[in-house]
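Number of protein chains: 2
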Amino acid sequence: MASRSRTSLLLLRARISSTPCGRSIRPLAQLRWQSASSTTTTEGSEGVAKGTTAPPKLVKFTSEAYPEIQRDSRFAKLTEKHVKFFRELLGTESAVIDGVTKDATDDVEAFNSDWMRKYRGHTKLVLKPGSTEEVSKVLKYCNDNMLAVVPQGGNTGLVGGSVPVFDEIVINVSRMNQIRSFDEVSGSLVADAGCILEVVDNYLAEQGYIFPLDLGAKGSCHIGGNVATNAGGLRLLRYGSLHGNVLGIEAVLPDGTIVDDLSKLRKNNTGYDLKQLFIGAEGTIGIITGISILCPQRSKATNVAFFGLESYEKVQLAFREAKGKLGEILSAFELMDANSQDLVHKVTKNKRPLEGEHPFYCLIETSGSNAEHDSEKLEKFLEDVMENEIVSDGVVAQDQTQIKALWGWREGIPECLGHWGGVYKYDVSIPIQELYDLVDDTREKMDKAGLIGDTDEYPVVKVVGYGHMGDSNLHLNVATRRFDKKVEKELEPFVYEWIAKRNGSISAEHGLGIAKKNFIGYSRSDTMIALMKQIKNLYDPVSFPPLDDQSALD
Amino acid sequence: MASRSRTSLLLLRARISSTPCGRSIRPLAQLRWQSASSTTTTEGSEGVAKGTTAPPKLVKFTSEAYPEIQRDSRFAKLTEKHVKFFRELLGTESAVIDGVTKDATDDVEAFNSDWMRKYRGHTKLVLKPGSTEEVSKVLKYCNDNMLAVVPQGGNTGLVGGSVPVFDEIVINVSRMNQIRSFDEVSGSLVADAGCILEVVDNYLAEQGYIFPLDLGAKGSCHIGGNVATNAGGLRLLRYGSLHGNVLGIEAVLPDGTIVDDLSKLRKNNTGYDLKQLFIGAEGTIGIITGISILCPQRSKATNVAFFGLESYEKVQLAFREAKGKLGEILSAFELMDANSQDLVHKVTKNKRPLEGEHPFYCLIETSGSNAEHDSEKLEKFLEDVMENEIVSDGVVAQDQTQIKALWGWREGIPECLGHWGGVYKYDVSIPIQELYDLVDDTREKMDKAGLIGDTDEYPVVKVVGYGHMGDSNLHLNVATRRFDKKVEKELEPFVYEWIAKRNGSISAEHGLGIAKKNFIGYSRSDTMIALMKQIKNLYDPVSFPPLDDQSALD
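Chains as they are written, first to last, in my numbering: chain S, 33 to 586; chain A, 33 to 586.
Among these hints, one or two may not hold up.
For chains that are exact copies, the list does not tell them apart, and a pair is met inside one copy or across any two.
[Claimed, not checked] Listed next, the in silico BS3-like pairs over lysine-lysine satisfying Cα-Cα at most 30 Å (straight line):
hint, residue 1, residue 2
1, 109, 383
2, 521, 332
3, 412, 457
4, 134, 92
5, 518, 412
6, 480, 378
7, 332, 549
These are computed hints drawn from the structure, not numbers from a lab.
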């Protein structure tokens with residue numbers, strides 16, 4: 033699918049020559065280079081793999097893959113009567129995909145499976161309410177009739193939290209996709225939960241603003257889902273977490289109560305900040321239907337540099353230098369290991385941005401209000417890391433196309449990982465000093481168990497590490513030829529125990545979902561888990577959505 | 033108290049000449065100027081008025097000033113037995129100030145009254161636990177024995193939330209004042225709640241970092257109190273709110289449960305983010321005993337400019353220009369009206385930074401990693417606002433002393449306001465376009481009621497407005513010669529109704545405390561208030577701390 037000759041790019045190359053008196057920046061030669069992102073779908077990244085190179089195949093039902101998960105018998109089975117109610121309530125034909133009273137297997141399928149093709153549910157009913165009031169009426173009815181539901185946004189999640197396991201009703205908010213208001217002076221945006229991130233960001237770009245969150249799945253993911261899962265992504269280093277940027281939330285509680293907290297104010301200290309509870313709750317205590325968020329002004333200048341480095345120690349040095357030298361304009365510091373870049377290279381067949389191979393790669397982005405100043409800062413930083421032999425080789429993008437191309441080597445990783453089959457994905461926070469050790473240790477474990485190799489008999493293709501170095505956030509990914517229980521048994525609880533020992537987090541930015549529901553204890557104390565149960569019970573006393581989240585906290 | 037000749041400062045002056053072809057920056061003349069902040073206490077600002085110029089006087093008991101507030105009879109009276117328990121538990125003599133079994137009126141007094149001298153309680157017992165475990169045991173005992181308590185940090189609050197009304201036990205955390213750890217790579221700091229903000233910031237300065245919060249009371253306020261009240265302050269424009277920066281919290285619930293959530297990780301999406309509930313809860317659902325917080329690198333360069341402007345419309349234009357031209361280095365945009373600067377001038381007798389008087393003044397601060405770049409950006413901005421006649425006159429500080437001096441004209445306002453007697457303080461968020469209208473309307477109301485004037489018969493001295501323009505956060509202050517119920521009746525609920533009409537917030541950054549407990553309905557819907565009550569009841573079912581906060585939410 034990737035046409036190699038479609039786009040060719042010019043990259044400004046900051047080459048390093050090793051001379052007796054140290055390294056220096058050579059007069060910048062130019063390099064022709066292929067873009068990954070311009071030849072494959074840009075959605076294929078941290079969350080979406082539409083158009084993935086892996087052959088489509090039937091996804092195993094979650095209920096079969098994990099037979100230990102049992103349907104909660106307190107929940108009612110869907111009947112014709114229920115469907116009739118929803119039909120009448122939502123009115124339009126397109127708002128109800130009904131596999132209860134008729135066969136709608138094909139239509140329902142996309143809502144049953146996650147993009148990783150790891151989880152698959154048995155739902156027969158998808159509801160697409162068009163307003164907060166409709167969500168409220170749907171939830172109240174479900175609550176009163178003990179019907180289990182699962183809220184769904186762009187369905188780009190990585191932990192199986194946005195798809196049903198059994199026959200839960202899918203409540204998909206994609207029809208709620210309007211921008212409600214934007215204030216050009218303050219930068220506060222109010223929008224429906226079902227707005228697609230990229231659509232909102234494009235709208236903001238026209239006003240000179242930017243959404244304070246960016247992630248690979250931006251072409252499909254919903255801003256409501258972003259907030260519900262407290263997505264981190266690529267700009268957190270610069271703009272901070274959603275807990276700081278979200279100004280208000282509109283949500284519907286399990287009993288249908290509408291939480292109307294759509295403040296546009298930057299400061300509002302009147303009572304408890306309840307909206308915070310919904311940020312990162314993964315839809316387990318209510319469905320977010322609208323958000324207000326503070327958007328920063330869009331930077332006039334963006335620079336991207338891409339480096340090769342000899343060791344993880346040097347990566348850490350480069351990070352410290354970047355923080356010091358680039359200061360307020362540093363907007364991303366991304367780490368990619370050799371294996372991850374190998375995979376991207378193998379799948380896309382694009383020419384690598386650097387000559388030769390390196391154990392580690394970093395992508396640094398700056399964004400600021402003055403292009404000249406930013407370039408000068410970046411140059412000073414480059415001089416420094418080269419003179420001190422911190423980086424081995426590097427290139428700097430010269431225009432928007434090159435910037436996209438370099439980002440392709442980072443954002444293209446998740447998609448390329450799926451090339452051979454399934455991927456075991458771990459999204460973790462670890463103190464920065466030990467961040468990469470987890471990848472080495474996991475690879476060694478796979479090796480010892482005889483599970484990793486270049487030929488078909490081995491289930492594991494590669495163990496790779498990449499992620500948001502600036503946030504101490506590693507994505508440990510195990511690319512496999514097929515899902516294999518032996519691999520899973522080697523990985524879990526090993527990975528979680530490894531992280532717990534270092535007081536890390538087993539879920540940095542992806543959430544728990546169904547994938548990690550039994551592992552929360554590795555990152556949270558019994559007291560904290562008990563307090564979370566209290567909150568769950570407070571808002572959802574009849575043990576409401578999605579799946580058996582209640583047991584997730586047991 | 034202010035010695036006028038003690039310090040003289042040189043200010044680089046960017047003067048504007050009105051010529052037929054528009055305004056231009058004249059060759060910069062230099063000006064000798066007196067610093068307010070160097071001659072008065074630097075604490076006298078947004079929260080502390082130690083050494084205020086107002087004559088000390090006996091503060092009226094809150095219970096007498098507000099007879100409608102009744103002691104909750106469910107709470108027990110303190111006995112000798114209770115005191116004996118606390119003595120044995122806390123061990124050291126200094127941890128218990130006992131006015132129950134003996135006379136300790138003088139020792140207890142400082143803990144009974146707030147710095148505004150507006151609220152005064154009747155406590156006879158002050159406890160100073162030295163560890164989280166001790167806080168836990170104290171709270172458990174109080175909970176079991178129905179003893180009311182009020183948590184207290186630096187006691188710099190402005191809404192009467194940190195002092196008792198009746199005989200509540202004061203739990204003061206000042207003995208818990210240790211920095212627990214600091215990570216130089218990630219910038220995460222872990223410290224006791226009782227650490228003084230300025231002490232922590234000075235410690236961080238040595239490491240090249242900065243606390244992501246700054247406010248006038250920094251010399252006295254505690255970081256635990258800052259988090260408990262979700263303090264906003266001067267750096268919010270740049271570093272965002274505490275909801276984004278606080279990484280973890282250690283707190284003790286009313287029943288003694290220790291919430292151990294002191295994560296040092298920037299990203300941790302494992303379950304509900306419960307720490308958020310304690311940020312801004314004003315100690316009503318637990319006492320914060322420790323925090324971990326993400327500290328940004330300290331900027332190498334800081335610039336401060338001070339302007340005079342003709343109208344509030346021009347202030348808004350200047351703000352937009354500052355956001356555009358200064359972008360990522362803009363760290364403060366503060367507004368001061370003519371009245372506020374008149375008062376500072378009258379009290380300090382310092383020479384004004386600008387020649388002539390102006391209806392409005394702004395203080396702009398930039399901080400960045402490159403002094404040269406920052407100066408260039410600031411110059412461009414100055415050229416622009418002068419050429420376009422947005423500002424009428426302006427100066428730029430040339431060194432650290434001058435920076436402090438200029439800040440003195442902003443930070444000195446609250447202290448100077450107290451010069452004649454009491455101050456009615458309103459800390460509100462209003463959409464920026466209408467921000468200053470509230471001050472004009474309030475002044476007009478005072479005038480119509482015949483309450484404002486230059487002589488002693490009038491209770492009101494001046495109605496002034498100032499605040500954090502960058503956050504749409506206005507401080508409406510009414511300086512009085514004496515607290516007068518007639519003034520209060522004109523102000524309330526007028527101010528709150530005015531704000532509610534504009535969907536503003538009646539408490540932007542100061543919290544509700546006892547001052548606004550009955551007014552929450554102006555900023556929150558019945559549903560939201562009901563949900564807050566639920567949370568209060570969840571954590572404090574026996575209607576525990578401080579005062580009658582339960583009724584505050586009724």
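For each hint, the structure was consulted:
| no. | hint | in the structure |
| --- | --- | --- |
| 1 | 109 with 383 | neither (55 Å within a copy, 79 Å between copies) |
| 2 | 521 with 332 | neither (49 Å within a copy, 50 Å between copies) |
| 3 | 412 with 457 | neither (37 Å within a copy, 48 Å between copies) |
| 4 | 134 with 92 | within (23 Å within a copy, 75 Å between copies) |
| 5 | 518 with 412 | neither (50 Å within a copy, 64 Å between copies) |
| 6 | 480 with 378 | within (25 Å within a copy, 79 Å between copies) |
| 7 | 332 with 549 | neither (42 Å within a copy, 45 Å between copies) |
Hints 1, 2, 3, 5 and 7 from the list above are not met by this structure, while the remaining hints are.
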